[in-house]
Amino acid sequence: MHFFMKKLFILALIFLLTIAVSSDKKDNRTLKEAQYYTKLKKNYVRCDLCPNRCVLKNGEIGDCGVRQNVDGKLYSLVYGKPVAIHVDPIEKKPLYHFLPGTKVLSLATVGCNLRCNFCQNWTISQSRPEEIETEYVAAEEIIKLTKEHNCESIAFTYTEPTIFYEYMLDIAKLAKAESLQTVLVTCGYINEKPLRKLAKYIDAANIDLKGYSEDFYQTYTTGNLQPVLNTIKIAAEEEMMIEITNLVIPEANDDPRQIRTMCKWIKQELGKDIPLHFSRFFPNYRLQNKPPTPLETLRNAYEIAKEESLNYVYIGNVGALAEDTFCPNCGKKIIDRSGFQIEEIHLNEGCCEFCGQKIYGKFQEK
Amino acid sequence: MGNSRKNSLLFLLLGIISLSAQTIFLRELMMAVNGNEIIFAITLSLWLFLIAIGSLIGNKIPAKNSIITLLMMSLNFLILLQFLLIPYLINLINPLNGEMVSIPILFFTTFATLTPVALLLGILFPLLCKTTIISANPIQYGYIWESIGIILGGIILALLLNFFSHFQILILLTIFNLIVFYLWKRRLFYLILILPFFVVLFFSNKIFWEIYAEKYEGQKLLSSQNSVYGRLDITSCHDQKNYFWNGELTANSENEFYAQQMTNFMMLQHPAPKKILMIGGVLNGSLREIQKYDPEEVICLELADQILDQLPNSPQVKKVAEDPLRYLRSTKEKFDMVICDLPDPSSLQLNRFYTKEFFALIKQKFNNEQSVFVSTLSSGTNFMTKEIINLNASIFKTLKKVFSNVQLIPSQKNIFLASKGNYLSNDPEVLIQRGKAFFDIWFNPVVINEKCNELRLENIRSKIEEENIVANSFALPVVYLNTLQLWSSKLDPKFDIFRVSHWKLIATTFILSGLLIFFLQMLLPTNNIPGDLGIFSISLINFSLQLILVNYFQIYFGYAYFMIIFFTSGFMTGLVLGFYLSKKMKLSLKLLFLINLILILFLFFVPKLPAFFYFLLNILFAVLEGMILARLLAEKFRSEKLAAAGSFYCLDSFGAALGGIIFGVILLPVLGFQFSLLILSMILLINIIIVMNSS
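Just so you know, the protein sequences line up as chains B and S, in that order. Residues in the first sequence are numbered consecutively from 940, following our numbering. Residues in the second sequence are numbered consecutively from 5, following our numbering.
Because the hints were derived from the structure by calculation, they are not lab data. The C-beta atom is built at its ideal place from N, Cα and C for all residues, glycine as well. You may find that some hints are simply not true.
To be clear about the criterion: a stretch of chain B counts as covered by chain S if any three or more of its residues have a C-beta under 8 Å from a C-beta of chain S, and this derived list gives those stretches [said to hold, decoys possible]:
id	region
1	1059–1065
2	1209–1218
3	1225–1233
4	1273–1284
Cβ pair distances, simulated, as ranges [as the list claims (entries may be wrong)]:
id	chain 1	residue 1	chain 2	residue 2	range
5	S	298	B	1080	29 to 39 Å
6	B	1161	S	459	47 to 57 Å
7	S	243	B	1263	19 to 29 Å
8	B	1204	S	202	58 to 68 Å
9	B	1204	S	519	50 to 60 Å
10	B	1112	S	519	50 to 60 Å
11	B	1212	S	88	48 to 58 Å
12	B	1012	S	437	55 to 65 Å
13	S	314	B	1263	28 to 38 Å
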């Protein structure tokens, strides 16, 4: 009896084991050879697109989840595979000095080269191409959609657009040919060469400066601060219209000394005209139990930036704390905003209607 | 004191300590990490598993009075120490304050919290059995006295919880333990030792407050209050107040960004909402927005008074603290609008408010055709993952089953609108027209166009209007599973047990269980495999049944955690009764097993019962287990003598632990109740065949 039972037991285990280890069917992926990589020995490659510089053996996928080594060549797995295409107000990016009151066609593919545990768009950034069925959307189709929805510009946004570099570059080139504007909403995690090439086709960028310490970057984002600072400087050199966003997270990057140092750096390296947005943090993704940033903390950050003589400082994701644009010369309100809505604009050919002061940014002709 | 009196007292004490420590630790852990039924099952199973290991160790330790004294004394101090360590452990293992607690972290925190105490409890049982020299079967004697201790512990704890905090109860338990030791040993030392504990008791609130406040780094803990449904902590940072329900941030002041964007879209779905019922979400600023629409009465319904106390008084606002289901079943009021803004259904307790039964109840409370029901649910801001799509599609389908008109507005949380009439709209032009008088910073034409633009709406609609989705119900809580999948995908996509296919999951579970049993069998000094298997499986089956009953209770009544002491005490009463009846009634094992099977099938066909029947069934299952265990234990004792103490206790606890994991963590959430009961019946049938063929 015991012998029979043991035999039965082992057979049942083998049967169950077979079911358990049976593998899931694999999906087909659309591949496009990537730009910016170096072939190494033994079919290894090194991706040179972003500061992660992943060294990948055959079959391996980079940290971003969307670039794969296939037989010694690096491929993008998300070319023509956007998962989000929406029409947003440009103020949502946030870009306050770039065609205010206009609509922007925003798009993204899955993947990201950072792992921010507070990511607002984690559904996009942390998903992987093999998990999602998407239809191929050609670059030309994006241009068509932009026109159909009466958008003046196209934004590469939601996740870090660097990871769909090839797709973004093709769309941006076509957009320029069609006289459409292009916008980059980025965490700045890209290497110099690809950035300089891309910059020729990008009109404006909002760059996240998530904090001003290496410690914060390493703990909360798995990235580093220095590459982001480099990106901001290069973008400015390449004459992109840039705005900077700093998401203020309580007890993480809200130290007033750190904020002051950041403001000093912006003034020194980029000038006091670069718009700076302090955004309110709301619990998201894995940082669910941290309360939203107290308004007092945001007001303090605003005061610090003003003390450091930055001309355009805003507070985002809250009510009417600091959302309007004032002329740095005469102090009059030149753009009156209510959330994402533009109430009034007092600009004439990019200059203050009241005193003629040139205002940083790109604005529509009256 | 004679050996019999001394040992019965020590077994009794062991039972009291065991029940008190288990209940308090479980409640604290659940509140610390906002645990759902899965976390409850993991924690309880881990506790039982550690007891099982402890009893194996106890079998190897020489039974000396000095060792027993030392271990019993250490037990009390360890309980206090471990209790105070819980907030530290969570902060220590999870260094990023405010980050979600992942399953591995949760497991290690629970493991670190429970191990010393549970192991010691396990070690002590066989030791005490071995020093009991008066009874024909000291194991049965010890088991019964320990069970009586658990019953007593339950009654005492239920009384004490009304007047004392968890920490104070544990101090009182230590003092009680020292008194018992004084009576036993008659040494002044134990009485002197009581004094410092009285001092600690006097300052207990302050000590606990200081330690507990550590949990909220960078915030000031303003208050922490318990209710039958959970704990509300209120903290502040600058002028902002934050509300944590069972450790999870649920609302904060200064939140017009959320309130304006959500509430105005809801309010525009009725031409003139006069009578409004708000279920949850009263602290997030929505009430202020609702009042702009000049309603006659807003009834704010929350689980606990402590939440409603935070609301300002207003003649328009009526505050009701009650379980929403119970309230809706009893109220005669009718409403123009019912707004349900609750956290996602991450527990069975919350899942109740997303079921077709709940929606049907709401529909009965509609004032007229134009009345509206609003529910909210997690969304991806710009893209919905498979998990979010499933979750939203299930709710959409469930609403469609009950209401003729269902619409959706995408936002931070998706807003589901349901009505019998045709006034609902997510057309931006219509909403702009209707909302003109209420435009504000975060509610204006730009926001309306952004949320309800054609691309966004079409994208969501095409994904959630799937035909093959199952509607959510009490008996088949699919939305609960969807939320678990979402939760698990956020924590670590690679560690996602809820995404694999059902068959793979079941197969893996049974393989691992099989291997564990195989390993256990090698550790036990046994020569009666079918008998041992009988003890093991009857514990597994009946503990799983107890979990199913608790889960059913949670689904229908919503306060199972509060009633857990009564479930446990009731079960132990049944167990003692079963042991007693086994001497009086000579029923065959086969008959007992068959009665058990009939009861399971009864549960299979009749899941919805009045509360009283849950407790009755709980006791009945325990009586059966007691009668079966008494028979199997007597057999085991005949062949193994005192060596059976450790292995019996181990098999009993291990069976229950595995039952908790297999059914509480995997099968119940993945397969639902009826399929789980079916598997349970099959295990019982196999058990009948094995045990019957061997005896």
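Now for the hints, and whether the structure bears them out:
1. 1059–1065: Holds, because 6 residues of the region 1059–1065 of chain B bring their Cβ atoms closer than 8 Å to Cβ atoms of chain S.
2. 1209–1218: violated (count 0)
3. 1225–1233: holds (count 8)
4. 1273–1284: As far as the region 1273–1284 of chain B goes, the hint holds, because 4 residues have Cβ atoms under 8 Å from chain S.
5. 298(S) with 1080(B): 29 to 39 Å: Given about 48 Å between the Cβ atoms, the range is violated.
6. 1161(B) with 459(S): 47 to 57 Å: violated, 32 Å
7. 243(S) with 1263(B): 19 to 29 Å: At roughly 23 Å between Cβ atoms, residue 1263(B) and residue 243(S) fall inside 19 to 29 Å, so the hint holds.
8. 1204(B) with 202(S): 58 to 68 Å: Hint holds: Cβ distance 59 Å, inside 58 to 68 Å.
9. 1204(B) with 519(S): 50 to 60 Å: holds, 58 Å
10. 1112(B) with 519(S): 50 to 60 Å: holds, 59 Å
11. 1212(B) with 88(S): 48 to 58 Å: holds, 55 Å
12. 1012(B) with 437(S): 55 to 65 Å: holds, 56 Å
13. 314(S) with 1263(B): 28 to 38 Å: holds, 33 Å
Figure legend: structure checked against the earlier numbered hints; hints not met, in rising order: 2, 5 and 6.
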